[in-house]
Amino acid sequence: MDNPYLPYPVRIEEITIETEDRNIKSFRVVFLNPEDEERFSYRPGQFAELSVAGTGECPIGIASSPTESGHLLFTVNKAGLVTSQLHNMQEGDVMGVRGPLGNYYPLDEMEGKNVVLIGGGFAFTTLRSTLVYMLAPENRDRFEEISVVYGARDEGMLLYKSELGAWLLRSDIQLHITVDCSDDPFCQYHIGFVPGITEQKITSAENSVAIICGPPIMIKFTQPVLEKVGFLPEDIIMSLENRMKCGIGMCGRCNVGADYVCKDGPILTLAKLNTLPKEY
Amino acid sequence: MKLLKISKKDFSDVLNRLKDSYRLYGPVRKGNIVDFAPIEDVSDIDLSFQNSRLSPKSLFLPQSERMFEYGLDPAGDEAHILKEASKDYSPKAVIGIRPCDAKALELVDANFDTPEFRDPWWVKARETTTLVGLGCTSPCSTCFCTTVGGGPFDDAGLDVLLTEINDAFLARVLTEKGEKLIKAANTFEPAEEELVQKATAIEQEAAGKIVSKVDTSRLAEIDTLALHGADFWEDVQFACINCGICTYLCPTCWCFDIQDETHGRVGCRMRNWDSCMFPLFTLHASGHNPRGQKIQRVRQRFMHKLKYYVDTYKMGVACVGCGRCVQHCPVNIDIRQVCRLMNEYEGKVPKVS
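First to last, the sequence lines map onto chains V and E. Quick note: the first sequence uses this note's numbering, first residue 1, plus one each step. Quick note: the second sequence uses this note's numbering, first residue 1001, plus one each step.
These are computed hints drawn from the structure, not numbers from a lab. All of these numbers come straight from a predicted model, not from anything done at the bench. Some hints here could point you the wrong way.
Computed from the model, here is a short list of chain V residues facing chain E with C-beta under 7 angstroms [to be verified]:
| id | residue |
| --- | --- |
| 1 | Asn3 |
| 2 | Ala79 |
| 3 | Val94 |
| 4 | Cys181 |
| 5 | Arg253 |
| 6 | Ala258 |
| 7 | Glu279 |
Even for Gly, the Cβ is constructed at its ideal location relative to N, Cα and C.
Kindly generate the complete structure, drawing on both the sequences and the hints.
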């Protein structure tokens, strides 16, 4: 019997400090046993429990894409016990990864459609996975227009800056980066909140699906913008977070109504969310 | 199904023989409280109890259980790599489990043994344990098993069911595991028809003694959001002090926490019982808490047992009517009353602003 609580051992290969406040770091990890990589077959939107022996586990969205083989990427905001310990770890250290867990963005069902990705703050991680996946040469033709609205507090808080620069130069995606405010008179990004920029840039819902991932306040104000343009609740896809332990629907804490965020989510459509109590 | 009998005076011999091939667990009296414990001396088993204070769920989901072990010494082999903690899964027999508690194990199976994931520790403990149930001839006043799909002599989840008849037990052998245990016990004789008739009369009489009832018939059809937004939760939660005794005693409460414990350069990952009554259960690292208020936690407990479980598994309510939470709640919150409020609820989905 496979033990679903047993993490795969991994080695931290590279740590990148993502943000100016040094509170968000990306961890590139490689499996110690190559056969574990095959068993860890994942899709954009899924998460994993990062395990630090002696401290515990925490659920983190997978920021790498299945099209990038050889490693996994996790972008971690320092917030609690395990994430703080992770931030103290160094390249070469051994930790554990348990997963992949949860469901994933319904990218197969989105074939032939326009895709709108809306992300805010450090919730851009699984959207990075999605974007890298869709932009891979073997996948790009499966989708029509790809638009991205990504916002952060200021320039220093944007994740994956070198990749953002490269994506801005591509003609096959519309990337709109915005910051809440900036001291820089020559700021190269939009200035304003995500809902406002979404309203300016996303003007049609025709044949489109939107994925929103961000802080609750951003979601709260972006949702009506999308609905005004004509997005149906079935076509607005969100990723939820709740406190988790087991990640496999057994420990009982992350439920929203009868659904467990870890097993039945984290990806839920707005249509589904409308049928559930607001316990997230 | 085989019908056998054993006289009470031979029962200790039976238990002693079983000890050769099983680790025995049974009800043991400590002061006024009976609880399930490992049996060293078979005379410790006390079958005169109504029900144990704690449910025997801890034999399958221990209150604290080692999951993994690891070393933290960087010079050591495989430092920071988790290894499964070794455990004894030799055959175990639980003597005298009540039918409600056995049925509870079946209800909890739905959570731990799923098509997607199997909890290895729960599944192994279940597979290696034989349950010898003891029917209830004198149920408590708070028992309501007969209206939640069970009964004082219900055989769900059991391998053998014993009915006490004066100086003997009638044993119904219900499963292969039960057959094996009876074989190891080796003293049972076929039960004569008269004894079986006597047993049936006792069983019917016992069921008649259970007068406390709940109606669960409408729970599945009522809208989740309507129930969730019902105004009666305010009254239900008013007296609750979130002590967690209900979840602690409940045979179908399975929620757990996972924690790492270290001592020097070695550590283990543990799982411990947890409770939806505690704010920490759902507290995010950000400080946000989706069930930060008491009313939300009280509602969660009842909604889980009487609505979410019903909808998810289609196996009825996650309550076996053992009455422990009713007896021991310090502020007299009564699941039967809450179930009635839920089942009779006619309200609509509240408007969310």
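Now for the hints, and whether the structure bears them out:
{"no.": "1", "hint": "Asn3", "verdict": "5 angstroms, holds"}
{"no.": "2", "hint": "Ala79", "verdict": "4 angstroms, holds"}
{"no.": "3", "hint": "Val94", "verdict": "4 angstroms, holds"}
{"no.": "4", "hint": "Cys181", "verdict": "22 angstroms, violated"}
{"no.": "5", "hint": "Arg253", "verdict": "5 angstroms, holds"}
{"no.": "6", "hint": "Ala258", "verdict": "4 angstroms, holds"}
{"no.": "7", "hint": "Glu279", "verdict": "4 angstroms, holds"}
When the structure is compared with the earlier hints, a violation turns up for hint 4 alone.
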